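*Asks:* Residue strings, one per chain:
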Amino acid sequence: MDNKEINNTKLANEGLSEQDRPLFCDARPQSYKPLGKYVEKFLNWARANSLWILGYGTGCGAIELRPLMTARFDMFRWGLAPRPTPRQAGVFVIGGYMSVKTLKRVIRSYEQMQGPKFVIGLGSCTINGGMYWDSYNTINRLDHYLPVDIYITGCMPRPEALIAGFNKLKEMIKAGETDGQNEYARNFDWYKANQKKIVKDWNMPDYNW
Amino acid sequence: MQEILNKLIDRYAIEPIQENRHNQAFVTIEKNRLPDVLTWLRDYEDYTHLAFITAVDYPEIEKIQLTYMLHNYILHTDLGLRVLLDRTRPEMVSIHHLWKQVATYQRELREMFGIDFPGSPGLQENFALEGWKDIPPMRRDFDTKEYSEKTYFPRPGRQTHDPKEYMKEKLYPSAKEDK
Amino acid sequence: MVNPIYILVIALFTAFLLPVFDKMGRKYSLGLFFISLAAIFDITLQLAWQSYNGVLKANIFTAGSIPPFSINLRIGGIETFLITTINFGALLAAIYLIPKFNEQKVYAMMLFLTLIAGVNGLILTRDIFNVFVWLEITSISLYALIGIRQNHKSLEAGFKYIIASGLASAFLLLGIIFVYRLTGNLNIDMIAASNTLLVTKGGLTALFLIVIAFLIELKPFPANGWALDVYQAAEPGVSAMVASIVAAGFLYVFYKLIPLLPIYWFDILILMGMLTFVFSNITALKQKNAQRLLGYSSIAQMGLLVAVLLIIKRFPLHNDLPYNLIYIAGALFLNHFLAKAGLFWLAGIIKKDKISDWSLKGNPTLVIIFAFFVFALVGLPPFPGFWAKWVLINRLAQYNLIGWIIPIVIGSLLEATYLLRWFGSAVKQEAAEPVKLPLHKIIPASIAALALIMIYPAFANSLVNTRIIFQIPLLALAMMAILNFLPFRLQGILMIAALTFFGWYIFPLAEGIVKIFEFIFIGGGIVISIVSLNTNIKRQGYYEFLLMLILSLAFIPLAKTTLEFFLVWEYMTISSWLLVLRGKNGEKPALIYILFSLAAALMILTGFALSFAETGSTSLQYLRFLRHYALPVYILLAAGFLVKAAAVGLHIWLPGAYAEAEDEISPVFSGMMSKIALWGFIMLMGIMGTRALGIFEISNLLGWIGVITAFAGALMAVFQEDIKYLLAYSSMSQLGYMILSVAMLSHLGWTTALYMSVTHLFFKGMLFIAVAGLVSRVGTTKMYEMGGLIKKMPVTFISVLIAIIAVSGVPPLSGFGGKWLLYTALLEKGWFLQAGLSFFAGAIAFLYLFRLIHTIFLGQLKAKYREVKEASLWYLIPQVIFIGAIMAVSTFPNLILKPIMAAVDTQFTSSINWEGYKVITTLGYWNGNAVMIITMGVFMVPLIWLLSRVRMVQKVEQFNIVYAAERPERPETTHFAYNFFSHYQKAMGFLVNGQVSNFWNSVSEWFHSISSMVRHIYTGNSQTYALHIIIYIVIVYTLLGVN
Amino acid sequence: MEHGLFISIIYAFISLSVATIWGLLLGGIALKVVARAHGRFGPPVWQPIIDIIKNNARRTSISHGIMYFLGPVFRIAGGMGTFLFIPFIFGSSVFGNFSFAGDLFLVMYFIFFGQLGMALGAGESGHPYSAIGVARGLSQMTAFELPFALSVISLVIQYGTLNITSIVAAQQGGLLSWTLFTNPLATIAALISLQGMNMHNPFSIVIAPQEIPIGPPTEYHSNFLGLLQTNRGLFNIAKLALFMNLYFGGATNIAVMILKTFLLYMLTIFIGASFPRFRTEQSIRFFLGVPTVIGILAVIVIAYL
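Protein chains in written order, with numbering that gives the first Met the number 0: chain H, 0 to 208; chain F, 0 to 178; chain E, 0 to 1042; chain X, 0 to 304.
Since the hints were made in silico from the structure, they are not lab data. Computed from a prediction, not measured in an experiment: that's the story for all the values here. Just so you know, even glycine gets a beta-carbon here, dropped at the ideal spot from N, CA and C. Do not take every clue at face value.
To be verified - FRET-style restraints, in silico, Cβ to Cβ:
1) X/ILE299 x E/ALA691: 19 to 27 Å
2) H/ARG71 x E/ILE943: 44 to 52 Å
3) F/GLU129 x E/LYS537: 54 to 62 Å
4) F/ARG139 x E/LYS954: 34 to 42 Å
5) X/ILE299 x E/ILE401: 39 to 47 Å
6) E/ILE943 x H/LYS9: 25 to 33 Å
7) H/LYS9 x F/GLU129: 25 to 33 Å
8) E/ILE1009 x F/LEU97: 49 to 57 Å
9) H/GLU170 x F/ASP133: 39 to 47 Å
10) E/SER871 x F/LEU97: 53 to 61 Å
11) H/GLU170 x X/HIS37: 25 to 33 Å
All chains should be built: construct the whole structure from the sequences, respecting the hints.
*Replies:* This is the structure we're talking about:
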């Protein structure tokens, strides 16, 4: 599968001490071209029907994820399943307000997920800060830091809204409209600059493999 | 309650006392005497529980006020000890030797108010704000809205309403027409 | 002919002449002194020569008439031997004392000469009153000599000696008076000839008084406190004389009196001797002062000699009197004489009161001398003590005196405990300041040491019919010691060449099962020794003992007689012990190891002795004809081998010995030396089969012991943090399987045992070598300090990986063959529950094996090991050889199974069929070749799939892990390694929480408590000591039933 | 070998494919059954297959080193090997597999091959949770192997052979000649072990998602995870086939095999769904208690009574 768009420049990893630098990989993220049309369509179908959610409740909105697993809403029907480790998860649900401290962890986890990966912004806070719009410690616009595939509005959105959001995401995946991973890789420097602007103690590599 | 206040007055000649309820009172003491008083209260008067430490910023009088809230599990009474610190260089004696967990409170106060507690373990470690370089955000002269707008890419098109008027408008649209 | 009376004359005459010469100057008097000593020695030598030629006249009559009218001297074989020894010793002692003589007044020399005259007189005279005279001369000069140090303590000691020997003399004189009154005679031979004395009550009392006087002079337990103070306080040179020369005199007088004693006294007196032997040794356990410790040891040896002399005279042993006298009493005496005198002189050289302050490190001469003395006292070959012990225990067994073996064994073990502990600490201790080696002191000590080793050929040749090749391990040691000047690596190459030559020579001689063991010992020895070439820095004694160890291992299976077996067995014990002792923290483990090994050796010795007693032959094959003693012999030998095999309960020596030996030695221990126990069992069971113990078959019991050992070893290995301890326990576990298999006594069982022992050599040797290489780079043996080394040491990783797959028995590697054979054999035999337990043990093996590879090679690399390199080539070569062997054996199991089965066919009829590579038993089948091919096949399919997508794989670094959305801070806190199986500890730990070591600790504690209890009787007060003597006399009097 | 090499490989391939697909579907059915028990619809039964496709369709992956890379290979090679040494369907030449190469003990020890390789691969990822998971898994494994081994020993005594085909052959001839009825104690001991082998509740501490994200495979993803999931289906069937052969009369055709493995699997699922989780030391103690005693009894009863 020779579909990698290779960019071989190394990352500087200036946030790390000299001692720590060899402990982390310094390669840049790469973007990928889709495979042949029908192959990609089939694979997208599989991706859409097996969405593994990273079990990281980043804010108060995460409380709305739990009912999804219960008998009443039963998200497993749609091939959704929670997954405890970013390596295996494919969907990152940002659950509401995002403090700077959490954002740092979110970036790390997002980068540790394997592509193709999708981000769902949950609740108003991820759109424009919501009720925390003037807080000194809460971001206002998630899409300046991560490529967001879909927003679900509300404060809080109900589980039904979430299901609708997931289904919308599935349609988008099947249609091949979700390109977050590639977008992140192509605009890597812009995202990184935004992230570094607010994350003051950047004591991690520029890209967390 | 009165008993303990009397004792305090007798022992430490403390004057300003504010008694809120029959089982809650606040006294203001000199900052250097605080460890003495706390030790005595803890060891002899059964105020074994330090509920919290909190701070209030008074830029008007150039002071920061610290409140140590103690609780007595036998009498179920609360006693707040207040200390006034100089606002330009706020510094307070650390009491982590009395209650180990106080170190965490002191870390938070250092970060949010910029109060120094020399000798407190892990004082310089991050509490919630990692790598904060501005003036401490809980100081009242820190403008959080301005900071947010400067830092967090505000999304244009945001509207602000007066909640009272807005709800009235939404819930009783007819009332408006009446005007 | 020379008249021996000149000895006495010269000594006494010169003694009185000395002051005159001293007026002319100290040089002259000293010259005269030595001339006289030399003259005495010359006379003795002439006498000895005459004695050798048989022209010696035995009786010398003085004053021109015959007894009883005058005193007569006798100079028979024993007397010649004794005075030769004594005057030789006196010469050495005099050399040692030269500076003392120089600084003291001339009286010191006079006293010395009178003392020599006294002792010579004691030995020569046959007149009982004359004995008293010489005794007085000896005693008086001695207590003056004791005071030569002229400090408070030595004067006090001399005073105590006066009291004690005064008491003795008083009793002696009384006795002599009574005897004379009764018999009208003073000549010992004549008294013995006339029975009149023995029958009357008064006569017995008289005799008792005489005997007790000499008994007291021989310092029996517990009436010997005064003697201990003498040993401790006197100048070491004088103590040496007390322990050797003077003791010899008293001992011989006692021997002369033995014919007078009534036969029913013997048992009590033997008991007294044995009590002295055992309790002196017990008391010595807690002793910290070097000279006092040696005093205890001397007293113990005297006790033993008294007992032995009485035994020789009392029991049918006297049928073969000269032989027994020479080879038991003579050997013991010589051994004690040279070693003890030497040790006292050594104490004078070191000049440290406390034994814990002794340090001989970096002083090879002293170490060798010290080693000779200590080993001789402990009774290790090739010193006379070994032969004495061998003959003595054989004789005791032969004449049905088994009861007396027990105190001898216990006493010897106790003596070994403190002496070897002392040796270990002295050798290992760093010296505070360099020891000075004055010539006058080092010469006598070295001569004594040389004499000890020179006696060896005399014993080895005339005593027994051992084949000369069984001395090869010792010769190898000597050869390597001579080649010590060569560069170290060259020594190693020479050693490997010697081994190869030896293998080429010996391999055709061996056949059957022996051949397989020779393959393990020689082949394994050659490969494992390559590791030692990694350094060129000289290590004293390294190749010497290694070669000796490997050769003795190789010789054990070749032994045809019990003595050959036992001799080489002891060589193996010594060399392996010294190798453990060489380890950095080897002192304590080495001590435990040698004590257990000696206990095992003594059990084996007793077993062999019993066998000899019944069959009258030392041939190992004669074990099969045993009838009466079959069971005890079987149990004793099996117990000895169980100790060597570190069976559960007896295993506590193993981990320390394996782990604390040097890294290059551990593979030899684990891969090769452990197999010798297996050979023991194969030999034992091959010859004797099995025996019933009550309702149990012993083989059945052994099987259970084996499987429990396998289980316990595995479980203990799980909880180790130190990599070498882990491997050591693993070896114990593996050996348990082998014992289990051998105990099955079936074709399949033995095939399993041999298959396992060969493959165990491969993978355990490889593991220990890999670990040695690893440790040489990282410098620690704690597993949790390592981690992530796979990228740094890939070859080592691969060999460890292959080894652990093989150990755990996962197909397709060779370990599975062992497991499969084991279970098939067990089920065929009908040992079902054993099969269940061994399966469990096998499963537990996964735990420690995974931990081994994970905590070292996987996980997080520590910052300090970022620059670590692969182990040096010398470590890798043997590993690669072993990897090749494992792969070959795994793919073509026939290579090894066929020869093993052919060897076992000689013992049992086969129940195995072959179909190409397929082994078929009555129960199941296994095709190692096909399994290998299929495994390779199924491995390739997914591998190819992954490799087809390898381009999309991003290679990342060690901290690129998901860490609960944090970044790992330090490798140390990210590497999960310490207390890896904590939950297993919670569930199963209670089984292995040190019950066994607690038991052995309490045994040791118990002996030490007895020791300190007994010590309380020695108050240091001369009145108490006198009281002791009186009480002792009363007790003995009562016990002997004189009235 | 009974057939030519090429035919053997073809047969093995067919056998492996059928087993893998059936194993994955079994996993899906289990999810469905549990969902229905909860009153949910649950995922479709082919969900495990979609997951595998999805994981193989991942665009990126990372590697921590060679052993990490080979870990899943070891794992699935272990699964395939184990399966291939078991005669899948009695009397069938297509599904007879390579059982000529070794007997029951080979199968029991080959199970470890994959586990060991996987443990090593997970170990190289450097993740502490992997190591913790492996430590727990291995500890628990030692415990449940004991009753199983005792049960097998009992069986070998009963049938006088280690040959799985012969054991199946001896059970032909009616329901009552199954080991289940001829040797119930051994069967019970083995079934309890099976619960542990399948790592279903109450013995699921190894993968405990709530505390150590997912146990040994915490760092595995993409293709690697795909292989592991494929192995899960295959290995499940291998174990079930082994149990079916040893205790439930084997299978003479595919339908019987499907029925028996399904029922056997459902048994573990139901037990799993009704119990909470043991801690490691608790499950070790449990296995070394009653099940071991049952196993010993099974041996004693068969051997000496």
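*Asks:* Is it true that the C-beta distance of H/GLU170 to X/HIS37 lies inside 25 to 33 Å, as the hint says?
*Replies:* For X/HIS37 against H/GLU170, whose Cβ atoms are near 27 Å apart, the range 25 to 33 Å holds.
*Asks:* Could you see if the CB distance from H/ARG71 to E/ILE943 stays within 44 to 52 Å?
*Replies:* Distance hint for H/ARG71, E/ILE943 holds at roughly 47 Å.
*Asks:* Evaluate the given range 49 to 57 Å for the C-beta pair formed by E/ILE1009 and F/LEU97.
*Replies:* Cβ of E/ILE1009 to Cβ of F/LEU97: about 55 Å, so the range 49 to 57 Å holds.
*Asks:* Could one say that the CB atoms of H/GLU170 and F/ASP133 fall in the range 39 to 47 Å?
*Replies:* Cβ of H/GLU170 to Cβ of F/ASP133: about 44 Å, so the range 39 to 47 Å holds.
*Asks:* Does the Cβ distance between F/GLU129 and E/LYS537 fall inside 54 to 62 Å?
*Replies:* At roughly 59 Å between Cβ atoms, E/LYS537 and F/GLU129 fall inside 54 to 62 Å, so the hint holds.
*Asks:* With respect to the beta-carbon atoms only, verify the hint that E/ILE943 and H/LYS9 lie 25 to 33 Å apart.
*Replies:* 31 Å, holds
*Asks:* Take the C-beta atom of F/ARG139 and the C-beta atom of E/LYS954, compute their distance, and say whether it sits inside 34 to 42 Å.
*Replies:* 53 Å, violated
*Asks:* Quick check: does the Cβ-Cβ distance between E/SER871 and F/LEU97 fall within 53 to 61 Å?
*Replies:* 59 Å, holds
*Asks:* Okay, H/LYS9 versus F/GLU129 on CB: inside 25 to 33 Å?
*Replies:* Cβ of H/LYS9 to Cβ of F/GLU129: about 26 Å, so the range 25 to 33 Å holds.
*Asks:* Do the Cβ positions of X/ILE299 and E/ILE401 conform to the proposed distance bound of 39 to 47 Å?
*Replies:* 41 Å, holds
*Asks:* Taking 19 to 27 Å as the hint, is the beta-carbon distance of X/ILE299 and E/ALA691 inside that range?
*Replies:* For X/ILE299 and E/ALA691 the Cβ distance comes to about 23 Å; the hint holds.
Hint 4 alone, counting from the list given before, is not met by this structure.
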